[in-house]
Amino acid sequence: MSEHSEHGGSTEHVVPVSTYVSVFLALIALTALTTGVAYMDLGQWNTVAALTIAVIKMLLVVLFFMHVKYAAGLTRIAILAGFFWLLIMITLTLSDELTRGWEIVSHGWGMIIPLMIRLL
Amino acid sequence: MSELAAHSAHPPGFAHQFETIAQQREAGKLGMWVFLVTEILFFGGMFTAYTVYRSLHLQAFVTGSHLLEVKFGATNTAVLIVSSLTMALAIRSAQTGKRKGQTIFWLILTMLLGATFLFLKFRFEWYHDYVDGIVPGVSWSYHGPYAPGAQLFMCFYFFMTGLHALHMVVGIGILTVLIIMTARNKFSSEYYAPLEISGLYWHFVDIVWIFLFPLLYLIGGRYLGS
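Protein chains in written order, with this note's numbering: chain B, 1 to 120; chain U, 121 to 346.
Derived by calculation from the structure, the hints in this document are not laboratory data.
Treat the hints with care, since some could be wrong.
Stretches of chain U that chain B covers, calculated by requiring three or more beta carbons in the stretch to come under 8 Å of a beta carbon on chain B [said to hold, decoys possible]: (1) 140-150; (2) 163-174; (3) 220-231; (4) 325-332.
A virtual CB, placed ideally from N, CA and C, is assigned to each residue, including glycine.
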């Protein structure tokens with residue numbers, strides 16, 4: 001896994017072909033899984049399952065195919081910042097959108113869970 | 121500069137503002153990732169809008185999702201995953217100093233898989249959507265329940281898959297340039313940054329599809345039957 005290039009000056013990791021093939025097989029298996037799960041009635045959990053599998057697939061691609069597992073700290077921070085800002089955009093948008101139906105303020109935070117479930 | 125000039129054997133492609141080729145490579149990758157972060161937020165804006173409208177018109181979005189065929193979405197997901205593997209192998213063969221023919225082979229295979237994705241998308245999805253009358257504003261003949269909301273869903277579908285396909289077309293253009301550069305011996309095991317950076321782009325476009333597939337095709341209550 002930590003095999004270095006033999007050529008001078010290069011600090012780049014050479015990912016073994018076996019790792020790439022394993023990641024590839026995992027991605028294909030997860031695609032089959034997510035497709036299969038979609039045909040099972042899990043109620044609100046269908047969306048959760050689909051998105052969880054998609055996130056796992058994304059992580060596999062990012063860490064191995066995109067070499068982030070072996071990347072410099074600065075690059076990792078830049079990537080994390082990107083996802084953090086995405087999270088801000090989604091969270092703030094939904095916290096507005098999903099709370100517009102509130103009529104009685106005193107129900108307050110107790111409404112958050114049913115409202116989030118409505119999304120699924 | 122004088123110190124740099126002393127390195128008589130620095131590899132081709134090494135830019136003079138960098139101390140080492142490794143530093144140049146890191147800078148290039150960071151730059152590409154910063155671009156990809158803007159792409160994350162670009163597609164993220166659409167994913168957010170999709171989520172909001174899905175919550176507002178849930179039944180209509182389920183209806184709309186059933187207008188799509190899972191088999192094509194799943195096949196295209198697999199096609200893109202294979203293309204990500206071949207792209208990674210292309211970079212690896214350049215990185216480990218394999219013959220350029222091997223790098224070119226993997227690059228051409230990646231390009232063909234990208235073209236396969238687009239062919240399936242155009243020929244078996246968009247064209248059929250047009251014929252079946254589920255293209256909003258162009259050809260719309262679906263008047264079943266939740267028709268207006270289903271039209272909204274299809275708008276999202278065409279915008280999201282359309283922008284993704286546009287990225288695929290750009291990716292195929294980039295691959296063409298990479299194949300020419302490899303054939304002209306521009307790369308070595310020391311310098312292959314354009315390959316690696318383009319690989320990041322290609323994998324990113326794959327990731328966008330990894331999210332589009334479940335969001336558009338799968339989460340609309342497929343178990344209910346179509």
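Chain B over the segment 325-332 of chain U, status - at least 3 residues with CB closer than 8 Å
holds (count 4)
Can you tell me if the segment 140-150 of chain U counts as covered by chain B, using C-beta to C-beta distances under 8 Å and a minimum of three residues?
holds (count 7)
Given coverage of the segment 220-231 of chain U by chain B, checked by CB-CB distance under 8 Å (3 or more):
Coverage by chain B is violated for the segment 220-231 of chain U (0 residues, Cβ < 8 Å).
Mind checking, does the segment 163-174 of chain U have 3 or more residues with a CB under 8 Å from chain B?
holds (count 7)
In this structure, only the earlier hint numbered 3 is contradicted, and the remaining ones agree with it.
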